[in-house]
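Colleague: Here is how the chains run, residue by residue.
Protein chains: 2
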Amino acid sequence: MPFLQCIEPDCKAQFASTTPIYTCERCGGLLDLVHEVKAIEPDQLRQAWDARLASKAPADQSGVWRFRELLPEVEEANIVTMIEGNTQLFEAPRCADYAGMNQLTFKHLGLNPTGSFKDLGMTTGVTQAARMGTQNVACASTGNTSASMAAYAARAGMKAVIFIPSGQIALGKLSQALDYGATVVQIDGDFDDAMQLVRDITKDSPLYLLNSVNPFRLEGQKTIAFEMLQQRDWRVPDRIVVPGGNLGNSSAIAKGLHELLEMGFIDRLPKITIIQAEGANPLYQLWQHHRAGETQLKLQALKGASTLATAIKIGSPVSWQKALRGLWWSDGEVEQVSEQEIADAKSHHRARWHWL
Amino acid sequence: MPFLQCIEPDCKAQFASTTPIYTCERCGGLLDLVHEVKAIEPDQLRQAWDARLASKAPADQSGVWRFRELLPEVEEANIVTMIEGNTQLFEAPRCADYAGMNQLTFKHLGLNPTGSFKDLGMTTGVTQAARMGTQNVACASTGNTSASMAAYAARAGMKAVIFIPSGQIALGKLSQALDYGATVVQIDGDFDDAMQLVRDITKDSPLYLLNSVNPFRLEGQKTIAFEMLQQRDWRVPDRIVVPGGNLGNSSAIAKGLHELLEMGFIDRLPKITIIQAEGANPLYQLWQHHRAGETQLKLQALKGASTLATAIKIGSPVSWQKALRGLWWSDGEVEQVSEQEIADAKSHHRARWHWL
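First to last, the sequence lines map onto chains A and B.
If you count by this note's numbering, then the first sequence holds residues 1154 to 1509, one letter each, in order.
If you count by this note's numbering, then the second sequence holds residues 1154 to 1509, one letter each, in order.
Just chain A, with the same shape it has in the complex (with noise of 0.2 Å):
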């Protein structure tokens, strides 16, 4: 059975996976499922995930169940799914030549269920509040998380209540939230504040709280790393890029990686690079003081954080411990971009093909 463990390496404390806590009851570290899985064949694994390719069974056509061996455990018929996953990898031969790289794939997450890659994680965070026997679930949000868990616990028969900032946020995604039956509370102030106020509330409540911090949701979207490898036939690229806000995403790759690597599925990682806005770049001056040789780093929250990428204009990362455990098993590199920069990447493409 698999059982959760502070990540602090002062602490480790472990507690079974039905405890309703989000981080350590004695620290307040971040905690992570632990598997504890025997005797695995990795082959034998792989060869049973491709025929679940050609299934017609929703776990098995889930781009996150169906590598269930390394997910929390779960009855098959208690599994929340909208056949999430399934993503596909595109050739991007032209931005390749754009960044001076030989080659660059894409995994459009944005071909889940509610347009993200949130339903990889609200799927198995979902499934874990049904398996708690929770009736309502909550998060803060800027946009996609908040749809997406909107649309899992409609799908579970749950209510699902969202925090959000002031202004700023994604109208067609809170619509969608909207349309999915989500009560919505606007805060004064702004996706940290939300944050906390919601962990604040969360913690004597029966609401279950739904965000990265959760997780149960960084079990479903490691299997971004699971399928994305599936799809280049276990062949490991040297870089997965990914844009860091809350950390959730890159941590996740991460500890799907490292797990595949202890399992003998892979022998190396690619390095995780994470690319942050340069007005809500908490990491990447986290990331200079390691390299300036500090061993002793704790990350400072950045008040007032701000980019046109308003998904990633977050100041205060939850899951910088376990982002930061990531660049280290993987040989990884925090990277900023400014406004200029994204806004010339977006441009570039079309300045190319204007013709008329």
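Hints listed in this document are in silico derivations from the structure and should not be mistaken for laboratory results.
Being a predicted model, the structure only gives us computed values, none of them experimental.
Fair warning: there could be bad hints in the mix.
Given that identical chains are not distinguished, each listed pair holds provided it fits within a single copy or across any two copies.
Unchecked claim - Using 20 Å as the maximum straight-line C-alpha spacing, the simulated EDC-like pairs for lysine to aspartate or glutamate come out as follows:
id, residue 1, residue 2
1, Lys1312, Asp1250
2, Lys1424, Asp1386
3, Lys1209, Glu1244
4, Lys1499, Asp1332
5, Lys1451, Glu1431
6, Lys1165, Glu1412
7, Lys1209, Asp1196
8, Lys1260, Asp1332
With chain A's structure known, arrange chain B on it following the hints.
Modeller: Same frame as chain A, now just chain B:
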């Protein structure tokens, strides 16, 4: 070899599939691509199609080209694909309840690469354009078509020109087309005017027309029926309900089903049920005449079509004869809904779940 054939019963003129025409050269009627499929073994093909679900070759992974035995012939290397299709079926018990039905299943075509079913037709349309040696493609569009054509044209290294009506187009979709490098020409008029203009322009120019009057578009879109049946293990549903705008999609689905019936894959057709908005209901009006016993049906174009459902705000649908044929083949229905009904259905779910 498939060939083009006029659908008008009194004409039925035939043309080679590489003839650069979009409508019948003799009478102006719509064209079908007719397949001469010899010695089809449905069970054998079904097995081959199931096997391709686990393949890693793009032409097998595509939810369109997976069914290539029933599609325009093309060398696998010349297929322009973004691994479209593979869209899931979702049971919607609460929607079924609202509509007073026992069961309702959605096929979520929004999970295609650019976000709409248009991709299914663009992979075949742009592949045909490439087969004809085309360098420039064009369409009229209020949104989804432009985004899709621009993406596939970019993929194939072609230039895309899009004619849009003034105002009331989906801005997110337009910016998507611009991001893919399309040239967008706004005209003073509505969709029907833009459609007429692009048909005139493409008649004698090297611009290849990729609206749904192009029969190769519908070849791809007919796989909606194929994939849906594959996902249902070839159990035919009672009805297939589709919104009706330009009527290409209902026409394509009907053609696909009709081919499956003729080849012995299924033994009956589901009733094709087309829903139009009250303010853009030319097919509904025509259908009322049909009910009154009239046999010489001619669609009256509607000036100033109006509905909040902008994607079906079309007064002069290009494919009305093909849609009508599909309704007759399947003993189908046309129904209209008011703006109020559209809004009520959208808000219903929200109201039910409001609880704070």
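Colleague: Enumerate the violated hints, using their earlier numbering and listing them in ascending order.
Modeller: No hint contradicted; all consistent.
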